[in-house]
Amino acid sequence: MTFLGDTELSALRLSLAVATRSVGFSLLPAIAIAWLLTRRRFPGRTLLDAFVHLPLVLPPVVVGYLLLLLLGARGPIGQLLNDYLGIRLVFSTTGAALATAVMSFPLMVRAMRLALEGVDTGLEQAARTLGAGPWDRFLTITLPLMLPGVLAGAVTAFAAGLGEFGAVITFVSNIPGETRTLPLALYSALQSPDGDALAARLALLSFSLGLGGLMASELLARGLRRWLGR
Amino acid sequence: MLDVSLRQQRGDFTLDVAFQAPTPGVVALFGRSGCGKTTLVNLIAGLLPAQQGRIQLDAECWLDTDSHVNVVAEQRRAGYVFQDARLFPHYSVQGNLRYGARRTRGARELISFDDVVALLGLAPLLDRRPGTLSGGEKQRVALGRALLAQPRLLLLDEPLSSLDAARREEVLPYLEQLRDHCAIPMILVSHQFDEVLRLATHVVVLDAGQVVAQGDISAVSLTPALRAIVGPEALGAVVDGRVAGVDAATGLADIAVGTGQLRIPCAGATPGGLMRVQLLARDIILATQEPQGLSVRNQLRGIIQSIVADGDSDLIKVDIGGACVLARITRAATQELHLAPGLSVWALIKAVSTRGHAFPARVATA
Numbered sequence: 001m002t003f004l005g006d007t008e009l010s011a012l013r014l015s016l017a018v019a020t021r022s023v024g025f026s027l028l029p030a031i032a033i034a035w036l037l038t039r040r041r042f043p044g045r046t047l048l049d050a051f052v053h054l055p056l057v058l059p060p061v062v063v064g065y066l067l068l069l070l071l072g073a074r075g076p077i078g079q080l081l082n083d084y085l086g087i088r089l090v091f092s093t094t095g096a097a098l099a100t101a102v103m104s105f106p107l108m109v110r111a112m113r114l115a116l117e118g119v120d121t122g123l124e125q126a127a128r129t130l131g132a133g134p135w136d137r138f139l140t141i142t143l144p145l146m147l148p149g150v151l152a153g154a155v156t157a158f159a160a161g162l163g164e165f166g167a168v169i170t171f172v173s174n175i176p177g178e179t180r181t182l183p184l185a186l187y188s189a190l191q192s193p194d195g196d197a198l199a200a201r202l203a204l205l206s207f208s209l210g211l212g213g214l215m216a217s218e219l220l221a222r223g224l225r226r227w228l229g230r
Numbered sequence: 231m232l233d234v235s236l237r238q239q240r241g242d243f244t245l246d247v248a249f250q251a252p253t254p255g256v257v258a259l260f261g262r263s264g265c266g267k268t269t270l271v272n273l274i275a276g277l278l279p280a281q282q283g284r285i286q287l288d289a290e291c292w293l294d295t296d297s298h299v300n301v302v303a304e305q306r307r308a309g310y311v312f313q314d315a316r317l318f319p320h321y322s323v324q325g326n327l328r329y330g331a332r333r334t335r336g337a338r339e340l341i342s343f344d345d346v347v348a349l350l351g352l353a354p355l356l357d358r359r360p361g362t363l364s365g366g367e368k369q370r371v372a373l374g375r376a377l378l379a380q381p382r383l384l385l386l387d388e389p390l391s392s393l394d395a396a397r398r399e400e401v402l403p404y405l406e407q408l409r410d411h412c413a414i415p416m417i418l419v420s421h422q423f424d425e426v427l428r429l430a431t432h433v434v435v436l437d438a439g440q441v442v443a444q445g446d447i448s449a450v451s452l453t454p455a456l457r458a459i460v461g462p463e464a465l466g467a468v469v470d471g472r473v474a475g476v477d478a479a480t481g482l483a484d485i486a487v488g489t490g491q492l493r494i495p496c497a498g499a500t501p502g503g504l505m506r507v508q509l510l511a512r513d514i515i516l517a518t519q520e521p522q523g524l525s526v527r528n529q530l531r532g533i534i535q536s537i538v539a540d541g542d543s544d545l546i547k548v549d550i551g552g553a554c555v556l557a558r559i560t561r562a563a564t565q566e567l568h569l570a571p572g573l574s575v576w577a578l579i580k581a582v583s584t585r586g587h588a589f590p591a592r593v594a595t596a
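In order, the protein sequences belong to chains A and B. For the first sequence, this note's numbering begins at 1 and goes up steadily by one. For the second sequence, this note's numbering begins at 231 and goes up steadily by one.
No lab work stands behind these hints: they were computed from the structure. Every residue, glycine too, gets a C-beta built ideally from N, C-alpha and C. Some hints here could point you the wrong way.
Label pairs and their calculated CB-CB ranges [stated by the list, open to error]:
| id | chain 1 | residue 1 | chain 2 | residue 2 | range |
| --- | --- | --- | --- | --- | --- |
| 1 | B | 289 | A | 117 | 38 to 48 angstroms |
| 2 | B | 289 | A | 133 | 15 to 25 angstroms |
| 3 | B | 302 | A | 32 | 20 to 30 angstroms |
Using the sequences provided together with the hints, build the complete structure.
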């Protein structure tokens, strides 16, 4: 490939890997939290709601710092993970994915909530009277009907995850081939005296990925809605 | 036997009802909007958490708050036809129909897929999506879906109220067929008295969360409490009578009512069959002597049982021998004719004012 050099390709590959894994981390918890927040009334609901949305309002550096405190090599959870499971998050791609997942979690939950609010609870009641238990109802009625929203949320989170900067660089640093995703590579290019062309190419790449992702999400959701007969 | 007694508080609305009805049969919950009918049905289905009460269907106890029995909705097998159909938009008609059928947990099959499709005329719709169906078609599919779950009890929450008159006529005969051919107990929620008249074997009249009258429809149709709900114009005794003969040329049927006979236009009457007729109170004239030379064909001899003031007129209940009719007479006429309980009178009924419905004897006497 003439346009993309090794640096760009490596950054692109890492960004894709980090975004994919972060969506993998956050998808199920986001559905669960969204369900709790829309369908259940319990003490502490408002607190949970606020907590989930914190990454939207906190500086990303703060999120990265908190992750470092908790999951760093000497953090309470990080130490356990390292000692018992041999998992090291700091300076690793997985760590970058986790930081990205935390940052995009509110986006994901918002999309899932919107989707869930659009599902008529009357249909779930109808399924109940037809003999469907809670999981059965969720898997055959609720989930398929909220699928367009789930998909939109996942694609948006994926597109946002491609470009997560602050939390990633704070938590897992900027290591080529390990945590240097597109924005981190762009940042490094801007720091070096002859990196202007590289920076421009990386910026263009980010731009195209973001645009393509959002458009794909919209088209997919439209197709799904048609399939669902709505 | 369906035995229900429930007490439920919600804000400043209290539902406090108790009724018993024979099974199988169609219990009509009748009352104005907001009287608690839907709440009651949701409690019976188990969709609303019950605060206090008991629900017993034959040998099965679904709810008894005293002994902490509360069967969850998905295990009660109460088929529910909602006002707004609630078909699953992402399944085809066939998928909707089979949804409950796949979750019967080995319950005895009362009605097969093919029977339901034939009974409700669903064959041309099977591959369609709910979004493409008309209102009447949706309600028929919803009815089929509920039936195929092999319900112990079928709950019909105003299944016809979202339909126009023509669509109602499309669905009503199916409901009549269900009542006559399936041994599934049904609860019909309605605020239309003619639906109740056509379908019910037992009527529970609700007002502001309380039962104000209950029993078979003939008895309930005589209660003054009904006036507040149907209005003064629609008040009238409902009588069941056996068809003595049908005149094919004129379409008129002779129906034995009490000790007398009515000659009225009836669709679907067969000799020996049972007909249900409503005689509107405002269409009945009372005479103290046997009338002669009148164009009115129907006269029943009876004895005045009671006189109740209703606005500026009187409602007079006349026992015609085993059945009663209600007549609305102006107060002046009551006084002039010296009408009083125990007096022998003739009730004259205009033939055009009656609405006959064929009603199988098996169901009516159940």
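The hints, checked one at a time:
Between residue 289 of chain B and residue 117 of chain A the Cβ separation comes to about 42 angstroms, which falls inside the hinted range of 38 to 48 angstroms. For the pair residue 289 of chain B and residue 133 of chain A, the beta carbons lie near 24 angstroms from each other, so the given range of 15 to 25 angstroms is met. Checking the proposed 20 to 30 angstroms range against residue 302 of chain B and residue 32 of chain A shows it holds: the Cβ atoms sit about 22 angstroms from each other.
Checked against the numbered hints given earlier, this structure breaks none of them.
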